[in-house]
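Take the sequences, apply the hints, and build the full model.
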Amino acid sequence: MAKQLAFYFNANACTGCKACQTACKDKWDLNVGQTWRRVAEYSGGNWVVNADGTYTQNIFAYYTSVACNHCESPTCLEVCPSKAISKRDDGIVLIDDAACIGCRYCEWACPYAAPQFDEARGVMTKCNMCYDAVDAGGKPACVAACPSRALDFGELEELRAKYGDVAEIAPLPSAEYTQPSLVITPHKSAAPVGSAAGELANPEEV
Amino acid sequence: MELKEWSLIIFTIVMQMAIGSFVILGGVHYFATRRNGMAEADRMADRSLLAIGPLVVLALLVTLLHLGNPLNAPRAISNFGSSWLSREIILAGTFSVLGAVFAFMQWRKIGSMNVRRVVGLVVALVGLVLVYAMAMIYQLPTVPAWNSPATVITFFITTFLLGALAIGAAFVANFTYLRGKKPDKANVQYTMLATTLRWLALMAIVLLGLHFVVIPLYLATLAINPEPAAVASANVIVGQNGLLLAVRLVLLFLGAGVFAVFVYKNAASEAKLRVLGSMAYLAFALVLISEIMGRYLFYASMVRVGI
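If you read the sequences in order, they're chains R and P.
Just so you know, we're using the numbering used here here: the first sequence kicks off at 1 and counts up by one.
Just so you know, we're using the numbering used here here: the second sequence kicks off at 1001 and counts up by one.
The hints are simulated quantities; they were obtained by calculation from the structure and are not laboratory data.
Any given hint might turn out to be false.
In silico DMTMM-like links for lysine to aspartate or glutamate, alpha-carbon gap of 25 angstroms or less [stated by the list, open to error]:
#1 LYS1004(P) x GLU119(R)
#2 LYS1004(P) x ASP118(R)
#3 LYS1004(P) x ASP96(R)
#4 LYS1004(P) x ASP97(R)
#5 LYS1004(P) x GLU204(R)
#6 LYS18(R) x GLU204(R)
#7 LYS1004(P) x GLU78(R)
#8 LYS1004(P) x GLU205(R)
#9 LYS1182(P) x GLU1040(P)
#10 LYS87(R) x ASP152(R)
So this is what it looks like as structure tokens:
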């Protein structure tokens, strides 16, 4: 049994196609306004004046696919007043909607916008790492759907040993807040967290 | 701003006003008893005490409006070990039940004065811890605009400022009622009212000063915070809602400053009750509106870090 399951994301392989997002939305039949996995586009750059007076540009853009990171310190779980959020032995963080009161406090606390409100049912929902598929030995829908194999999942320590321990790049928040179970291979143009080099180009989509 | 935020604005403002009123009422009653005896102190304070009850009930009911699934509301107390929201709900329940017990005892004069004083003191302490818990809910590292000592200080200023002015207005109404019923017996009560209003006005002026120290320091700190979410919050308060902020500050100054000074001066010179009363009502109304605007800005400034 895994100790802490985690997502892996390779920014160099991602083309921003959002197949992961769509597969997730399809499998869990999510309403408009609920997008458990989202793809953030971060871009920037400008004209640079060279020594000889000529101009070249240094524009860049890269994608970051992010869902619930099933954090090692899940702040949603800490602040939830009704103990509706729990962490399984394999690290998957789940919301029990039978216990949720729909106060949306977890929404304020999570820096990844993972808990999302279901307007129709009045309860919070979020990525559950497709625990049904994982329990059956399969993969989460997003991982299975990625055409460029930019996504993977597995035991956090194994993923870290294989890919390093980067868990934060712009536009993600600092990993300090929740210790996300996330391993990223940063894009070659990746900007550090809080960088002013670029900006989130699709805020309405994340 | 949606229904959710409005229910939180009403809950926090009304609950803090109720707690501040209770605590200040206790203090006033204590000193009034020492000076004029318990019977006169009760005559001045009891009706105001009973008026706090409906306020608390209103505040508690309004909180249900912000829940997506109110049927599960009783579960909200279960995570008191780590959630300030659970702690707040437990404290709010304790304050309401104990407060109701105390109000009933005081109304029917059950138990000796000392027993009632002890119960009242416990209720007041629970109320003050409740204000602290309400502020701690917003100490979220992911919301820099809220994650500040200013939230705690401001919640306490609101508690005492609205409490003082609400009690001032309630005492004026109570005195008007007493005088209408028994005109001859109102004299002692008028002296008590004038003394109390002077102290309440003084308190409002000091709290106004404290507000005017905290607000600019808070906004300045927010504006120079390196976290983009903090700067975005400062922009919501000062930029997008600059006019609202200005009106709030002016109303606060007029209510807790100008009119409180008038109340202070007129209470000393034993001016006509009608003038004094109008000013006490006006000061309360202006500060209440200003505090609601301030709380609106507080919720509007919610900008979370991350994506």
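| request: Taking the numbered hints from earlier one at a time, note which ones the structure violates and give those numbers from smallest to largest. | output: none
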